[in-house]
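Asker: Respectively, the protein sequence lines represent chains A and B. Using UniProt numbering, the letters of the first sequence map in sequence onto residues 1 to 395. Using UniProt numbering, the letters of the second sequence map in sequence onto residues 1 to 395.
Bear in mind the hints are in silico, worked out from the structure with no lab data behind them. Values in this document were obtained by computation on a predicted structure and should not be read as measured data. Each residue gets a CB set at the ideal place from its N, CA and C atoms; glycine is no exception. Hints are not guaranteed to be accurate.
To be verified - Result set (DSBU-like, lysine-lysine): computed pairs, CA atoms no more than 35 Å apart in a straight line: (1) A:K73 with B:K73; (2) B:K13 with A:K13; (3) B:K73 with A:K293; (4) A:K165 with B:K73; (5) A:K393 with A:K308.
Said to hold, decoys possible - Covered stretches of chain B, as calculated for chain A (at least 3 residues, CB under 8 Å): (6) 49-55; (7) 123-136.
Protein chains: 2
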Amino acid sequence: MTTRYADRMEGVKPSAIRQLLQYGADPNIISFGGGYPDASLFPASELQAIFTELLSGPGELSLQYTHSTGMPKLREQIAARMAADGVTTEQDNVLILQGSQQGLDLAARLLINPGDLVATEAPTFLGALIAFNPCQPEYLAIPMDEDGMMTEVLEQQLQAGRRIKLLYTVPDFHNPTGITLSLARRRHLIRLANQYDFIILEDSPYREVRYQGEKVATLKSMDSEGRVIYFGSFSKILAPGLRLGWSVASSEITEKLGLLKLAADTQCSTLNMAAVSLYLERHDLDAHIQVIKARYLAKKETMMSVLKSEFPADIRYTNPHGGLFTWLEFPESFDSEKFMLEYAVPQARVAWVPGATFFPTQQRKNFARFSYSTHSEEKTLQGMSALARLLKKHL
Amino acid sequence: MTTRYADRMEGVKPSAIRQLLQYGADPNIISFGGGYPDASLFPASELQAIFTELLSGPGELSLQYTHSTGMPKLREQIAARMAADGVTTEQDNVLILQGSQQGLDLAARLLINPGDLVATEAPTFLGALIAFNPCQPEYLAIPMDEDGMMTEVLEQQLQAGRRIKLLYTVPDFHNPTGITLSLARRRHLIRLANQYDFIILEDSPYREVRYQGEKVATLKSMDSEGRVIYFGSFSKILAPGLRLGWSVASSEITEKLGLLKLAADTQCSTLNMAAVSLYLERHDLDAHIQVIKARYLAKKETMMSVLKSEFPADIRYTNPHGGLFTWLEFPESFDSEKFMLEYAVPQARVAWVPGATFFPTQQRKNFARFSYSTHSEEKTLQGMSALARLLKKHL
Numbered sequence: 001m002t003t004r005y006a007d008r009m010e011g012v013k014p015s016a017i018r019q020l021l022q023y024g025a026d027p028n029i030i031s032f033g034g035g036y037p038d039a040s041l042f043p044a045s046e047l048q049a050i051f052t053e054l055l056s057g058p059g060e061l062s063l064q065y066t067h068s069t070g071m072p073k074l075r076e077q078i079a080a081r082m083a084a085d086g087v088t089t090e091q092d093n094v095l096i097l098q099g100s101q102q103g104l105d106l107a108a109r110l111l112i113n114p115g116d117l118v119a120t121e122a123p124t125f126l127g128a129l130i131a132f133n134p135c136q137p138e139y140l141a142i143p144m145d146e147d148g149m150m151t152e153v154l155e156q157q158l159q160a161g162r163r164i165k166l167l168y169t170v171p172d173f174h175n176p177t178g179i180t181l182s183l184a185r186r187r188h189l190i191r192l193a194n195q196y197d198f199i200i201l202e203d204s205p206y207r208e209v210r211y212q213g214e215k216v217a218t219l220k221s222m223d224s225e226g227r228v229i230y231f232g233s234f235s236k237i238l239a240p241g242l243r244l245g246w247s248v249a250s251s252e253i254t255e256k257l258g259l260l261k262l263a264a265d266t267q268c269s270t271l272n273m274a275a276v277s278l279y280l281e282r283h284d285l286d287a288h289i290q291v292i293k294a295r296y297l298a299k300k301e302t303m304m305s306v307l308k309s310e311f312p313a314d315i316r317y318t319n320p321h322g323g324l325f326t327w328l329e330f331p332e333s334f335d336s337e338k339f340m341l342e343y344a345v346p347q348a349r350v351a352w353v354p355g356a357t358f359f360p361t362q363q364r365k366n367f368a369r370f371s372y373s374t375h376s377e378e379k380t381l382q383g384m385s386a387l388a389r390l391l392k393k394h395l
Numbered sequence: 001m002t003t004r005y006a007d008r009m010e011g012v013k014p015s016a017i018r019q020l021l022q023y024g025a026d027p028n029i030i031s032f033g034g035g036y037p038d039a040s041l042f043p044a045s046e047l048q049a050i051f052t053e054l055l056s057g058p059g060e061l062s063l064q065y066t067h068s069t070g071m072p073k074l075r076e077q078i079a080a081r082m083a084a085d086g087v088t089t090e091q092d093n094v095l096i097l098q099g100s101q102q103g104l105d106l107a108a109r110l111l112i113n114p115g116d117l118v119a120t121e122a123p124t125f126l127g128a129l130i131a132f133n134p135c136q137p138e139y140l141a142i143p144m145d146e147d148g149m150m151t152e153v154l155e156q157q158l159q160a161g162r163r164i165k166l167l168y169t170v171p172d173f174h175n176p177t178g179i180t181l182s183l184a185r186r187r188h189l190i191r192l193a194n195q196y197d198f199i200i201l202e203d204s205p206y207r208e209v210r211y212q213g214e215k216v217a218t219l220k221s222m223d224s225e226g227r228v229i230y231f232g233s234f235s236k237i238l239a240p241g242l243r244l245g246w247s248v249a250s251s252e253i254t255e256k257l258g259l260l261k262l263a264a265d266t267q268c269s270t271l272n273m274a275a276v277s278l279y280l281e282r283h284d285l286d287a288h289i290q291v292i293k294a295r296y297l298a299k300k301e302t303m304m305s306v307l308k309s310e311f312p313a314d315i316r317y318t319n320p321h322g323g324l325f326t327w328l329e330f331p332e333s334f335d336s337e338k339f340m341l342e343y344a345v346p347q348a349r350v351a352w353v354p355g356a357t358f359f360p361t362q363q364r365k366n367f368a369r370f371s372y373s374t375h376s377e378e379k380t381l382q383g384m385s386a387l388a389r390l391l392k393k394h395l
């Protein structure tokens, strides 16, 4: 038989990088491709005590169904954390999600009709593109510089009559580039959203993992018209395997996202929500985040040291103040995927994510995303040095 | 500001029963409304030992990201359980889902274009309607009798030229009626699907909770053309708070559902998947299900005893051989929601789910869904007897 799929499936294709990501599972290859947090930082023993306690009773409160919008106590705790970060909000404006990825999927369904224009940074988070694609948007790719999305380019496009329905941004330690959107650009973006009537999805899973510099106010904190939907995540500050993230939005939008959440999967895991809530009650998450930051800073510095001292000078790279990634720019004619497959994997046993796939419209081949979070400093030095030697031979 | 939502949101409304379900949280009211499993049956102590063990290591295998399609070992274990139930399948045909509810959402997105015709039983599972509605289908409501969906009525509609894209059925202990689709009707349904080229969603979360009678072969086991997508769930046989279900489908469909799953929420909880996998390895789930069955049979008999001996004779009800629900039919002129709000809640302190909301097209008011799983036998007797007295006064 030939199945007649819905039209939206035309935008749902296996990712070009899926095959490349297999290198992450090969112990003979040092892959800087995956965006995995360092598993040694997960607070496993604290969580062990919490799960043990939660399951010592009859399970009515940990194994049964609960509210589709999320456990009320956890929503309240998240609202308090958001308030401490400058976003005044109520429990009712917080929705618990199956990771912030689910927020991107639900927000796309909330807002995007086929053909609607969605603005994103170029490059942008691949997970956002795959969440948006089934809703069949068109993309408006806004270039970036060292201050993030070039909002003046966005403004030119808007002035020229292009009407966007929503704008997606990763303002803090952007995936894949590691760049942070400047305060001035954030203010400009909010002004543009108010003037040209669009919604902003502020996706900030790395925000709390800032190990250098001062934090920049969230877009949500500048949002006076209910135009910003903020997405946060416990994946990088606790553990991704729990699959818990959240949204903060206006009451009206939260209500509608909640209806979509109920339809999508009823609710998140009761047990995992109860566990994170108890963790926040019993432990100092901010102190734990300090430990994470120190580790990632050391790991970043290790990668930076090789990039600075051993890589050919015509390869540019970002030096992020947080998050997991640096973004390499090779000379214009360099094809980073081709080089990886033909030389780096077979000769240096090193892999990464070629940059082309992160561009929503015109793909550019001379970029690469390197994650410094996964490996030990020793392995990072080993892999990056081997790659530096190989690049010097070829560039 | 006025948010410009996507057109699909016109079908996304708060459920009419949401307000009614609040009675479930009121300790002064005996609500037979919720479809909750009996929490005292959750294997909390076995799960406690398992979670404690899983979190005793560094968390690499329980708290990190894993495959978006699900933990391979768990997929294999589910494939083996499906094989024992007559469905020959491979690990690669099994996809782990955030409850079977997620399967309904993903399958709708896979298949339904706006305006496509979706056939369902009338009445049908409300969760399916809310999952399908954002894809904007039209519904073809097929009536039921004591053998389930009247497939001869479906055939007449097909012969008359109505073309359906997919058919949704809960063949075992149907929600809300508790009725099981007969073997002859199942065979007929498969013939019709092959002849008229449609996909069947076989949603069977209650299948393993059969406490009377012989099991009837799944539609999936009769599917020679890859037309059936089967959905199973651990919610009724282990615990719903873990949020784990699965699909079994052709390789092509599983591949595409997997892409939608990745886009929707990356993956299910690594920890919960690891826990259920270890439970299946260490414990005899079928022995546990025997305990569940014995309890639910006793609970059902309690409710049946009051329905039989104390309720007015012109109220009909189903006597299910499994699952959680019985379906009451009142005289044609009786409005079950009105009676509940005006009399049953204030005078007998009893609530249920009025039947109208379960009908995809023409809503009928003289029905009600009663769940016998939640309360103790004592409370069930108390609530049902109070209701019987009230009904006798009014009918």
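Asker: Now tell me if each hint is right for this structure.
Answerer: To see whether the hints hold, each was checked on the structure:
1. A:K73 with B:K73: Given pair K73 of chain A, K73 of chain B holds - Cα atoms ~34 Å apart, limit 35 Å.
2. B:K13 with A:K13: holds, 31 Å
3. B:K73 with A:K293: OK: K73 of chain B and K293 of chain A at ~34 Å, within 35 Å.
4. A:K165 with B:K73: violated, 42 Å
5. A:K393 with A:K308: Given that 35 Å is the threshold and the Cα spacing comes to 17 Å, the pair holds.
6. 49-55: holds (count 3)
7. 123-136: holds (count 6)
Checked against the numbered hints given earlier, the structure breaks only hint 4 and satisfies all the rest.
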